[in-house]
Amino acid sequence: MKHLRPINKKARAIDEAVTQIEAVAQNPDDMEEDVVALQQQPRPHVPMGCTLSFSPGWEVDAGGGTAGLCQPVERDIYDCYVTCFWPVQVPDHVNYSPDWASNCATATKDWRNLDLVFP
Amino acid sequence: MTLRTVLAAGLSLLGALPASAATLFMGSYPDQLLVFDEAKGAVTKKLTLATGLPTSMTLSDDGKRIYVTTITTSGIEVIDTATRKVASKFSLNDGTTRYRFWGGVPDPTGRYFYTLLTKFEKGVDRYTVGKPSWGVVDMKTQKVARMVELEREDERSGGWRSAYKLSPDGKFLYVFGEKVLIVDTATLKVVDRIDLAKPEGTGLENVGFGGPMDTIRTPGQYVSLFNAADPYIHNKMFGLARFDLNNRQFAFTPIGPAPEAMAGLQVTPDGKQAYTVVTNGKLGNKRCEFWHMNMATNAVVDKAEFPCRSRFRFGMSMDGAKLYIYGASYDIEVYDAKTLKLETTWDLGNDTTGAGMVAVE
Numbered sequence: 001m002k003h004l005r006p007i008n009k010k011a012r013a014i015d016e017a018v019t020q021i022e023a024v025a026q027n028p029d030d031m032e033e034d035v036v037a038l039q040q041q042p043r044p045h046v047p048m049g050c051t052l053s054f055s056p057g058w059e060v061d062a063g064g065g066t067a068g069l070c071q072p073v074e075r076d077i078y079d080c081y082v083t084c085f086w087p088v089q090v091p092d093h094v095n096y097s098p099d100w101a102s103n104c105a106t107a108t109k110d111w112r113n114l115d116l117v118f119p
Numbered sequence: 001m002t003l004r005t006v007l008a009a010g011l012s013l014l015g016a017l018p019a020s021a022a023t024l025f026m027g028s029y030p031d032q033l034l035v036f037d038e039a040k041g042a043v044t045k046k047l048t049l050a051t052g053l054p055t056s057m058t059l060s061d062d063g064k065r066i067y068v069t070t071i072t073t074s075g076i077e078v079i080d081t082a083t084r085k086v087a088s089k090f091s092l093n094d095g096t097t098r099y100r101f102w103g104g105v106p107d108p109t110g111r112y113f114y115t116l117l118t119k120f121e122k123g124v125d126r127y128t129v130g131k132p133s134w135g136v137v138d139m140k141t142q143k144v145a146r147m148v149e150l151e152r153e154d155e156r157s158g159g160w161r162s163a164y165k166l167s168p169d170g171k172f173l174y175v176f177g178e179k180v181l182i183v184d185t186a187t188l189k190v191v192d193r194i195d196l197a198k199p200e201g202t203g204l205e206n207v208g209f210g211g212p213m214d215t216i217r218t219p220g221q222y223v224s225l226f227n228a229a230d231p232y233i234h235n236k237m238f239g240l241a242r243f244d245l246n247n248r249q250f251a252f253t254p255i256g257p258a259p260e261a262m263a264g265l266q267v268t269p270d271g272k273q274a275y276t277v278v279t280n281g282k283l284g285n286k287r288c289e290f291w292h293m294n295m296a297t298n299a300v301v302d303k304a305e306f307p308c309r310s311r312f313r314f315g316m317s318m319d320g321a322k323l324y325i326y327g328a329s330y331d332i333e334v335y336d337a338k339t340l341k342l343e344t345t346w347d348l349g350n351d352t353t354g355a356g357m358v359a360v361e
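Residue numbers (the numbering used here), protein chains in the order written: chain V, 1 to 119; chain L, 1 to 361.
Heads up, a few of these hints could be off.
To be verified - In the PhoX-like style, the derived pairs of lysine-lysine whose C-alpha atoms are separated by at most 25 Å in a straight line are: (1) L:140 - L:119; (2) L:45 - V:109; (3) L:286 - L:272; (4) L:282 - V:10; (5) L:282 - L:341; (6) L:322 - L:45; (7) L:322 - L:272; (8) V:109 - L:272; (9) L:64 - L:119; (10) L:46 - L:322; (11) L:46 - V:109; (12) L:189 - L:119.
Stated by the list, open to error - Here are the computed distance ranges between Cβ atoms for each label pair: (13) L:130 - V:22: 48 to 54 Å; (14) L:191 - V:19: 55 to 61 Å; (15) V:3 - L:230: 50 to 56 Å; (16) L:229 - V:9: 26 to 32 Å; (17) L:260 - V:3: 42 to 48 Å; (18) V:111 - L:108: 55 to 61 Å; (19) L:247 - V:9: 47 to 53 Å; (20) L:138 - V:111: 39 to 45 Å; (21) V:19 - L:252: 50 to 56 Å; (22) V:71 - L:191: 43 to 49 Å; (23) L:248 - V:71: 40 to 46 Å; (24) L:247 - V:65: 33 to 39 Å.
What the hints contain is simulated information worked out from the structure, not anything from laboratory work.
Don't be surprised by glycine CBs; every beta carbon is placed ideally from N, CA and C.
Kindly produce the complete structure, drawing on both the sequences and the hints.
As structure tokens, this is what we get:
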């Protein structure tokens, strides 16, 4: 029994994606060794739910791929940290964790020195 | 007098500037200001900023002081460029009041610092977030002296991370964002709005405070690339605008159709050559090119594609011989300005912040 009914574009897209995933689960041979273009259905799964800002960028770029991300991704850690743009993935410099990066001058090389944050 | 004559006259003044290797000041993580010797290609000193992480730098018109704003405690630190030391520092935050601001500009006396700020008050059971306001910081009392809320139509045009300039007499504040706003410093009211936009795009931090424009600093003038659209079919074009900060007049010379994004304008010390970075396409399809322009003819004379980062800033050496790509990393990629080829990469040892780069001799 279906309790939820999509009423807007985004919800319909989620519904279609879930339907496709369920279809694949019932018949996995259909998708075996398949190569999927970004423009083609089913579209790649973008983990929208893990960011508060509804702007992918940490795991994937705004186009659903990774080509637009900083390479390596550690180059982008600090500007996300200071501007609080991805507050789930990176500590908040201004309010709660001003010392998170105090022992790490170069994130790409020294990321192991970043402090641990326990919410 | 034609526009080109005006431009030529202004640029000829730049030719009087001596060309030599300079010292670069760069904001970096976690709370450092790097002093970089261009001739040696190495960091020679690191200044620790007690008020926190640097987010912007503004060079005073006389080139003697750099005003660094910091985000950790909403501070302002003044650097003496001769001694390479912190001359003064303070934080605007206190127990229950916080401010958020990004950049600004000092008045000619150095007494007041003009910026755009937001105030946060911590109450017993809530935070009260103020509206974006024009703010004046008294550098002597180290407090916010005046605040006036932005008019609604200016909230977007004023913009976060806009570039600021002050008229030489200190009477008008110029804010370069999605429009050019002219603010009366006595009343902190916008007296004029000019429909020119800074060309900028995702990842291109064009509006640095003092950094990108330092190579073409001329007292009383502000020169930069701008986008404009014709009033009929709204065709976007880019060109060079020269603002006379004394009489609030400007001249705009269109150069060509506006590309998707451009990163700043860097002009050689003799005022004859200029460079910018143009990007087209997005994400994995993004392509970046250096554009070399002749300032006498306002024509693009050379282009060269280079592998660009997802986000970066664009700079130039004081003598105009090298082009710098930096930001979102710990290094500077150095390109030869004549051949537009990669020469070397300098390791800074610290990730740089969005504060950019200020060059002094």
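query: Can you list which hints this structure breaks, lowest number first?
result: 3, 8, 9, 18, 24
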